[in-house]
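S.K.: So the chains spell out like this:
There are 2 protein chains.
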Amino acid sequence: MRAEIVSVGTELLLGQIVDTNAPYLSKLLPELGITLHHRSTVGDNEARLIDTLKLALSRSDIVFTIGGLGPTQDDITKETVAKVVGDEMVLDEDSACSIRDFFASRGIEMPESNIKQAMGPARGKILPNPMGTAPGAIFETQDDKIVVVLPGPPKEFIPMVGERVLPYLREHVGKQSGIIKSRILRIAGLGESSVEDKVKHLLKSLNPTVAPYASPGEVHLRITASAVNSDEASVLIDEMDRKIVDILGDRVFGRDDETLEQVVVESLVRRGLTLSLAESCTGGLVANRITDIPGSSAAFMVGVVSYANQAKVDFVGVDEQLLIDNGAVSEPVARAMAEGIRRRSKTDVALSITGIAGPSGGTPEKPVGLVYMALASDMGTNVEKHQFIGSRSDIKCRSSQSALDMLRLFLLNRP
Amino acid sequence: MRAEIVSVGTELLLGQIVDTNAPYLSKLLPELGITLHHRSTVGDNEARLIDTLKLALSRSDIVFTIGGLGPTQDDITKETVAKVVGDEMVLDEDSACSIRDFFASRGIEMPESNIKQAMGPARGKILPNPMGTAPGAIFETQDDKIVVVLPGPPKEFIPMVGERVLPYLREHVGKQSGIIKSRILRIAGLGESSVEDKVKHLLKSLNPTVAPYASPGEVHLRITASAVNSDEASVLIDEMDRKIVDILGDRVFGRDDETLEQVVVESLVRRGLTLSLAESCTGGLVANRITDIPGSSAAFMVGVVSYANQAKVDFVGVDEQLLIDNGAVSEPVARAMAEGIRRRSKTDVALSITGIAGPSGGTPEKPVGLVYMALASDMGTNVEKHQFIGSRSDIKCRSSQSALDMLRLFLLNRP
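If you're matching them up, the sequences are chains A and Y in order. Residue numbering for the first sequence follows the numbering used here, beginning at 1 and increasing consecutively. Residue numbering for the second sequence follows the numbering used here, beginning at 1001 and increasing consecutively.
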């Protein structure tokens, strides 16, 4: 089963929005045994959309279109698909009703232009859209190919895919000859080239395949297996997963969408430990990442973003003389920040970060990207020194990543 | 001049990364008089890449490829382009040197596999890559079409586009018959439908066109003008810009890539005012956004993420009885947080946010999404109450957006 995604919209070609729908759908297809070989983006132009659809139908069994279902004259996807597959458009009474309801519930009368959104394929089916006025549709061609027409706003697109399209595909795509499944192993504390070096022999494996790629402050290894069914694919993936963990050990911190902050929060909560933070160069990024995790309030008590030196003294309890003698970006100040915030907040663990995020403020002795981080607990205080490269936001991101990883490794070694 | 972008990478088709490079480049082309009619994505597969490149060259004058320049066997873009345009690949000594230097500066010997990255087109030119080991290249076909081959990591892609590709295109694409130019007006504090309602008559304009779209916590109006040259397009855009500002007034906070935090930081610095923050439900997001702006340290002194109630007492100076009587999410506590952090940090302005980010923790009286924010200054303290909807991260985002906008409007009315 081969598929192709066609994203429609001039605003995509002008780069004014980033297409997150196509990747979202792409991720879901392999498990259904559907292989995606192409994605295309085309503007709101009938001739080019026709060409793109014809090409897609010539090389794929299923074509998904995304976008161009609005009420305006620009929105031509449904009509154009009907033309290409040779179907008629007819009024769908249910859709007309629910579009009228949609406006009524907002106290507005339905503009006439919206009625065209209630048109659907004579031979195919309508996909209701509870989140908006643009229903989707499934068209069938004379030679049993399928065109699934979906709305562009992610708020409408995502529920329609989950509630309508996946169940339809599961039923209609039926028994597969095989499926593709993949898992991502997420690695912190090692660079891409050193990960590649350590698992070099595994990168040659044909099934499952293993492919490395770098993400900000992390390295990902993607394991992809082909098998006759999902269980067999899982066996292959599990086996490779174990081989990689045998080599990389606790550098592997998570799988798939698991983030470092999620692992850290779960680990703190499971151990019943409380956390405080004193951040300088990361400017609240570590606190923000931790508080992105639901339930983090069970472990995270307080964070101080002590940006000014005076704030390090007043809010974290760093000795003023220490700042004068060593400067804010130094081993002793990182240590005093972690110990100070731990003492003042009475938490079990405290983490501090102080560094130079740039783009200015560096000196030959203390260049942009120099960052100290400290972890204080009842077992004493550890300080790490890092030299990061990149932009201001790179340095903030990598610092937060290393600090969270420092905390993760500390918790791993604690019952 | 017609262009097409071909993004290369199986990880894109598996939805494991979102392609931000293609939109980035798309945005830059219209001003050069280059019209993008198609974008395609294809995996690391030679046959399909060849077909995609041939199709692209049949309908466009310039083809940009992004990705597939790494050292591994998967990375086939440059070799495949050479095959399609009928060019030879030759070793580029400068690139070989700089790749060796890249590894040497990291204390590693260059792996043999990296030497293939130093190969470039015999007839075309190499685009040096100071940020990595994969140089780009410009190929020329026999019939004067151009293929620009660019690396996939955004960190390498963006500087190469800015420093190499744009100057090349400006010189080679030469005089245009016409250009398209656009500007985005960014609006805070109004919903999409109420913005649309207010500027309804302008949305019908044909040149420039005005199109609204919603972004988290903001509404954007995109003005797009066609004209014979950049200056004439600017005149059309400026005129429409003024019309919109006449209607929406200070709700328009910025243009194009200008963020709310940037506007706020510039406004604070220009007025010589200092800022402190006391965040609860936003968990450091406001501090993080402010410290993303270079130079923010001139205004931003300290932020306390007082997540636990005890932290509101100990670090921000909120009266314990106030918390017992009103709960942490309340008008009096928001007020006490702003006034407390302002007093303790001796800053000119202080902002506080307290609310329920969810997904749990809501009650009938205080539902998820209820957020109070306060601004304290020498002119007294203002408190705003908001009810946001959405996920935990939506609520954090919208809260930070409203808080920054509250500060922006306060600063606007101050000399």
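Hints are computed from structural coordinates only; laboratory data are not their basis. As the structure is a prediction and not an experimental result, all values here were calculated from the model. Honestly, I wouldn't trust all of these hints.
[To be verified] So the derived label-pair ranges between C-beta atoms look like this:
no., chain 1, residue 1, chain 2, residue 2, range
1, A, I247, Y, K1346, 26 to 34 Å
2, A, L203, Y, L1190, 45 to 53 Å
3, A, G249, Y, G1191, 28 to 36 Å
4, Y, R1255, A, E140, 44 to 52 Å
5, A, K366, Y, I1108, 46 to 54 Å
[To be verified] So, partial list: chain Y residues that the calculated Cβ filter (under 7 Å) puts toward chain A:
no., residue
6, L1013
7, S1026
8, P1294
9, A1298
10, A1311
11, V1313
12, P1364
13, V1368
14, C1397
Backbone N, C-alpha and C fix where the C-beta goes; we use that ideal spot for every residue, glycine too.
S.K.: Should the hint that Y:S1026 touches chain A count as held when the rule is a Cβ pair under 7 Å?
M.R.: holds, 3 Å
S.K.: Let me know if the C-beta of Y:P1364 comes in closer than 7 Å to any C-beta of chain A, holds or violated.
M.R.: At about 20 Å, which exceeds the 7 Å cut-off, the nearest Cβ of chain A leaves the hint on Y:P1364 violated.
S.K.: Please check whether Y:C1397 passes as an interface residue: C-beta within 7 Å of a C-beta belonging to chain A.
M.R.: Violated. Min distance 10 Å.
S.K.: Go through the hint on Y:V1368 and say holds or violated, using the shortest Cβ distance to chain A against 7 Å.
M.R.: violated, 11 Å
S.K.: I want to verify a distance hint. Is the separation of the beta carbons of A:G249 and Y:G1191 within 28 to 36 Å?
M.R.: violated, 50 Å
S.K.: Is it true that the C-beta distance of A:I247 to Y:K1346 lies inside 26 to 34 Å, as the hint says?
M.R.: With Cβ atoms ~54 Å apart, the hint is violated.
S.K.: Taking the closest Cβ pair, is Y:L1013 under 7 Å from chain A?
M.R.: holds, 5 Å
S.K.: Between A:K366 and Y:I1108, does the C-beta distance stay in 46 to 54 Å?
M.R.: Between A:K366 and Y:I1108, where Cβ atoms are some 25 Å apart, the hint is violated.
S.K.: Range first: 44 to 52 Å. Now tell me if the beta carbons of Y:R1255 and A:E140 are that far apart.
M.R.: holds, 47 Å
S.K.: Do the numbers back the hint for Y:A1298, that is, is its least Cβ distance to chain A under 7 Å?
M.R.: Interface hint status for Y:A1298: violated (10 Å vs cutoff 7 Å).
S.K.: Return the status of the interface hint for Y:V1313: holds when the least beta-carbon distance to chain A is below 7 Å, violated otherwise.
M.R.: Hint violated; Y:V1313 Cβ to chain A Cβ min 11 Å, cut 7 Å.
S.K.: Taking 7 Å as the limit, does the beta-carbon of Y:P1294 come near enough to a beta-carbon in chain A?
M.R.: holds, 6 Å
The earlier numbered hints that this structure contradicts are 1, 3, 5, 9, 11, 12, 13, 14.
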